[in-house]
Amino acid sequence: MKFARTLLIFAVVALCGLAFAKEDHQVAKRDPHAQPVKTEQGHGGHGEGGLGATLVAILEHHLVDSDHMEFFGADIHLPTFRFGDYEFTLTKHRVWWLIALTLMGLMVWLAARQKTAVPSGFRNALEGLIVFVRNEVVKPNLHEKTDAFMPYFMSLFLGILFSNLLGLLPWGSSATGNVNVTAGLALCTLSLMVGMGVKVNGLGGFLHSFAPPGVPGWLMPLMIIIEIVSFMIRPFALTIRLFANMLAGHAVLAVLLGLIVSLMFAAPAIAVAVGVFMLEIIVALIQSYIFIMLTATFMGLTMHPSH
Amino acid sequence: MELGNGLALLGAGLGAGLFALGAGIGIGSIGKGAMDGIARQPEAAGKIQGAALVMAGLVEGAALFAFLICILIWTK
Chain X
1 MKFARTLLIF AVVALCGLAF AKEDHQVAKR DPHAQPVKTE QGHGGHGEGG LGATLVAILE
61 HHLVDSDHME FFGADIHLPT FRFGDYEFTL TKHRVWWLIA LTLMGLMVWL AARQKTAVPS
121 GFRNALEGLI VFVRNEVVKP NLHEKTDAFM PYFMSLFLGI LFSNLLGLLP WGSSATGNVN
181 VTAGLALCTL SLMVGMGVKV NGLGGFLHSF APPGVPGWLM PLMIIIEIVS FMIRPFALTI
241 RLFANMLAGH AVLAVLLGLI VSLMFAAPAI AVAVGVFMLE IIVALIQSYI FIMLTATFMG
301 LTMHPSH
Chain B
308 MELGNGLALL GAGLGAGLFA LGAGIGIGSI GKGAMDGIAR QPEAAGKIQG AALVMAGLVE
368 GAALFAFLIC ILIWTK
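Note that the protein sequences, when read in sequence, are chains X and B.
Residue 170 in our numbering sits at position 170 of the first sequence; the count goes up by one each step and never skips.
Residue 323 in our numbering sits at position 16 of the second sequence; the count goes up by one each step and never skips.
Everything labelled a hint here was simulated from the structure, so no lab data went into it.
Any given hint could be a false lead.
Each pair of labels, with its calculated beta carbon distance range [to be verified]:
#1 X:82 <-> B:361: 38 to 48 Å
#2 B:311 <-> X:305: 46 to 56 Å
#3 X:87 <-> B:350: 26 to 36 Å
#4 X:75 <-> B:383: 43 to 53 Å
#5 B:312 <-> X:107: 44 to 54 Å
#6 B:353 <-> X:110: 22 to 32 Å
#7 B:311 <-> X:263: 36 to 46 Å
All of these numbers come straight from a predicted model, not from anything done at the bench.
Heads up, the beta-carbon is just placed ideally off N, CA and C, and yes, glycines get one too.
Take the sequences, apply the hints, and build the full model.
In structure tokens, the structure reads:
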């Protein structure tokens, strides 16, 4: 029973990321060899807008979702599946999101195989992480509902963390650098905020939390509008925060390495890029932590509005 | 490059500078608070560092909204 529920929650999180991973107009369907040739012929590499245009091409190649995927120098064209009218293209970000979820599932499965009473080794490390999330992040916000929601928070945390870190590998790409994926994850949070608010306080109590007590009558309409806007902006801020952090990190790395136009620039550019790369590892950890911390805080706010 | 394009790029560059300024002030005041706290209570250094990192992440998130707008203008 408990296992089935955990599996169900995991599947919901996975699907939310996957279903939103691509919108048709965002997929750059193009010949991978066309871009560099065009920019070099146009301005000879250094003319007006030459370096800028090359950088834009590099950035687009690295950051935009596409149906091409590079792996060890090989250019893989990903297949498109058709179910009647519905078209499902396996894009770069979808593949890396699936890889992240597979690694995460594998890790938890490997750790859970150990059946001894006292955890050791790998399972010990994972349990430390889980206890940290449970006691420091979820419990102060959700109180007695903590254990019911732990599978959701751990799926979210490990999924986002693996996805963030996979983007730092060579040829890797982080699915959380796609605004549709983070929007899907934030929609999960929004539906939980509304759902648990209604379940705990009742529909009347939930709606009442938009009208704070002790406000004079003439100010009430304005306050209600402000409360509704601040409620709706929370999942939006979650979406943009994770997406922009991942996008900006990769953009900065690509721009720094794109600055190498001759051998002279190579050493300082690579030195700074290594520093930014180390910062990105910290950012990947912090952003996945912030995402679940804010999810827990927002859920706690709608469930216990008086606090 | 015509004037409109140049002005747009100027706006993007100025925006980038301004958001760096804002984020710098924000993260600086977080760092000041954390240092003050650690100096007063060195035994709580671990907890303060963790909280300061998370706060820095939140400020950075707000700054990256601006980064996104700059990128959007630049690639227009």
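Now for the hints, and whether the structure bears them out:
1. X:82 <-> B:361: 38 to 48 Å: Given about 45 Å between the Cβ atoms, the range holds.
2. B:311 <-> X:305: 46 to 56 Å: holds (49 Å)
3. X:87 <-> B:350: 26 to 36 Å: violated (60 Å)
4. X:75 <-> B:383: 43 to 53 Å: violated (29 Å)
5. B:312 <-> X:107: 44 to 54 Å: holds (49 Å)
6. B:353 <-> X:110: 22 to 32 Å: The hinted range 22 to 32 Å holds for residue 353 of chain B and residue 110 of chain X, with Cβ atoms some 30 Å apart.
7. B:311 <-> X:263: 36 to 46 Å: With Cβ atoms ~38 Å apart, the hint holds.
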